Amino acid sequence: MYSLVYLYLIIGLLLISYGASLLVSSTENIANKFNISHFISSFIFIGIATSAPEIFISIISTLDGSGNIAIGNALGSNIANICFVFALTILLFRSRISKNNKILSIETKFFIIIVIILSMLMYPILKDGVVTVANSITLLIFFTLSYYLYKKYFYLDIVDAGENHRYISKLRIFIVLITGLTLLLTGTKIFLDSSITIAESFGISDYVIGLSITAIGTSLPELASSIESARKKNFDFIIGNVLGSNIFNIAIVISIVGFLDNGLSQALSELNVIRDIAMILITTLGFYIIIKNYNQYLTKILCLVLLFSYILYQFNLYGINI
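Its first residue numbered 565, the sequence shown is counted upward by one per residue in the working numbering.
The hints are simulated quantities; they were obtained by calculation from the structure and are not laboratory data.
Computed from a prediction, not measured in an experiment: that's the story for all the values here.
Using 25 Å as the maximum straight-line C-alpha spacing, the simulated DMTMM-like pairs for lysine to aspartate or glutamate come out as follows:
(1) K753 <-> D628
(2) K597 <-> E792
(3) K864 <-> E792
(4) K734 <-> E792
(5) K753 <-> E764
Derived CB-CB ranges, DEER-like:
(6) I875 <-> F766: 14 to 24 Å
(7) I574 <-> V697: 28 to 38 Å
(8) I680 <-> S567: 36 to 46 Å
(9) L835 <-> L627: 22 to 32 Å
(10) K716 <-> G629: 38 to 48 Å
(11) N857 <-> V697: 40 to 50 Å
(12) S733 <-> G693: 48 to 58 Å
The beta-carbon is built from N, C-alpha and C at its ideal position, and this holds for glycine as well.
Could you build all of it, start to finish, from the sequences and the hints given here?
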């Protein structure tokens, strides 16, 4: 029986990965039609698209009474996006990547501050172990205010010049978009059900499963799009992808839990919440240091530290001491 469960887990993961890749492709084409810059298109379009697995898992798991999977997945994905996706991509392609201009750095600093503030908001929201409707409204208000401030003071409507995008019909984009969403939703349901079954068989909590298995699984779209961007030497695209996804994970995914949970999930441990928020803040600092002081040798060391820290973090989640 459990061999089938593991098979379903892999099938669900593959559907999520392929569905997300189609979703990313369609959103890229939409961005190209409107001539939006790489950083903004990656932050808004790819950030939303690659956060789709987390959003679907948040909705499905919360409605199934397992909102802690959604919370763990949102926080765990933010950690995985930096320690696993960003660190691994930069480590593999650091020699091919060059840092971009100050327009990128201004926008990046703004969004890093937003990630830090949102992460810090997680403590007062989660310290009692549950997410309320009031918490969700607070997150959405902050998210809306952040977007307003960005549009008013930071947004520069600059298009990436010199790129010729082949014509793709709107119908084809729409079909790819719907196909990607369908595969993503189906894969999410299969992956989630099999993950819960495995977790229960080993006595693992929903929250830990969200922080580990589902977080890594739903970060695969970010990894795929980041590697593709690295091959094209689009460093700003990688940064926008990670920051966009991390902001949406907290502001949107956590908000969904508050609106749909209705107190069905078991309260979280305050110490675990502190541990995970601290991990997000520390890794975000490492992320900032890498992109601010881009140097191949320093970057290699810091990326290895992030990857090793992530491995130790996963061991800690499962109570493994090394």
